[in-house]
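Model the full assembly from the supplied sequences, consistent with the hints where possible.
Here's the letter readout for the chains.
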Amino acid sequence: MSDVKPAARPRPLSPHLQIYRWQWTMALSILHRATGIALSVGTLLLVWWLVAAASDAASFQTAQEFLGSWLGILMLMGWTFAFWYHFANGIRHLIWDTGTWLDLPMAYRSGLGVVIFTAVMTILTWIAGFAAF
Amino acid sequence: MQHEAHSLRTTLGRVRGLGSAKEGVHHWYAERWTSIALIPLNLWFIAAVIGHIGASHAEFIAWLSRPFPAVMMILNVALIMYHTALGLQVVLEDYVHNELLKTLSILAVKGACLALAVAGIFAVAKISFGA
Chain A
0 MSDVKPAARP RPLSPHLQIY RWQWTMALSI LHRATGIALS VGTLLLVWWL
50 VAAASDAASF QTAQEFLGSW LGILMLMGWT FAFWYHFANG IRHLIWDTGT
100 WLDLPMAYRS GLGVVIFTAV MTILTWIAGF AAF
Chain B
0 MQHEAHSLRT TLGRVRGLGS AKEGVHHWYA ERWTSIALIP LNLWFIAAVI
50 GHIGASHAEF IAWLSRPFPA VMMILNVALI MYHTALGLQV VLEDYVHNEL
100 LKTLSILAVK GACLALAVAG IFAVAKISFG A
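As given, the protein sequences belong to chains A and B, one line each in that order.
FYI, numbering that gives the first Met the number 0 numbers position 103 of the first sequence as 102, with every residue one higher than the one before it.
FYI, numbering that gives the first Met the number 0 numbers position 78 of the second sequence as 77, with every residue one higher than the one before it.
Honestly, the hints are just simulated from the structure, not real lab data.
Take these hints with a grain of salt, some might be off.
Claimed, not checked - Have a look at the derived ranges for each label pair, beta carbon to beta carbon:
#, chain 1, residue 1, chain 2, residue 2, range
1, A, L111, B, K125, 40 to 48 Å
2, A, A33, B, L113, 18 to 26 Å
3, B, L106, A, P104, 38 to 46 Å
4, B, N97, A, A127, 42 to 50 Å
5, A, L111, B, N97, 35 to 43 Å
6, A, W23, B, R65, 25 to 33 Å
7, A, S28, B, R13, 27 to 35 Å
8, B, L106, A, L16, 24 to 32 Å
9, B, G50, A, P9, 53 to 61 Å
10, A, W23, B, N97, 30 to 38 Å
As the list claims (entries may be wrong) - Calculated lysine to any residue pairs in the SDA-like style (CA-CA distance at most 20 Å, straight line):
#, chain 1, residue 1, chain 2, residue 2
11, B, K109, A, G41
12, B, K109, A, A37
13, B, K109, B, L99
14, B, K109, A, L44
Positions of the beta carbon are idealized from the N, C-alpha and C atoms, including for glycine.
Okay, structure coming up:
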């Protein structure tokens with residue numbers, strides 16, 4: 000190993016994003032990160048809900064009313080989608096980590112499976128939600 | 000190997016220039032085991048939330064003060080916040096290129112995740128112990 004200065008050594012660089020043709024697998028990969036970030040924001044709501052419940056009945060009422068408002072429901076719908084997508088695609092990642100399904104046909108097929116699962120579970124969650132209401 | 004042993008370069012210098020801090024495996028592994036644990040925890044959480052739509056404060060408190068829901072909720076909050084901290088760290092490492100800004104933003108995210116975890120766990124504990 001030679002003592003080359005780090006700055007002087009050119010590091011390998013991936014091709015930039017704009018030269019790629021858009022593909023499903025790529026969009027799904029980006030969506031995994033996007034939903035992860037969205038869910039991170041959602042943790043604020045989770046903690047608010049719990050802290051409100053621990054505070055008093057009025058605070059809990061405020062939180063529940065916000066969650067039941069059109070804005071609250073819209074946000075919850077977004078997070079429900081983000082959750083089921085991140086959930087299913089996360090399992091897809093765990094399967095990849097075992098070294099299976101890494102070939103291109105399976106990457107597309109499992110990706111389609113994730114999309115269908117997300118759509119079905121998001122709709123089912125809201126059917127259950129409105130039925131419980 | 001012989002050269003490395005006698006090098007005057009610091010470990011930090013070597014890491015910044017070329018290689019591994021030998022901590023990546025821990026991060027990679029923690030991101031995975033938290034995700035596996037979150038599969039049953041989050042399914043429970045979704046079902047629990049749906050079950051408490053429109054619940055009164057008294058009903059919600061009565062439910063969350065029971066041991067099983069309380070422990071599940073604490074595990075849920077703890078692992079969600081840990082998984083979130085690990086994930087957001089990678090996002091920041093990828094997109095923030097200024098060294099100081101990157102370090103500070105990662106610290107801020109980890110601090111915020113810790114604070115949220117403590118707040119959530121404290122809330123469940125307070126409800127459970129009935130104060």
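(request) Check each numbered hint from earlier against the structure, then list the numbers of those it violates in ascending order. (result) Violated: hint 6 alone.
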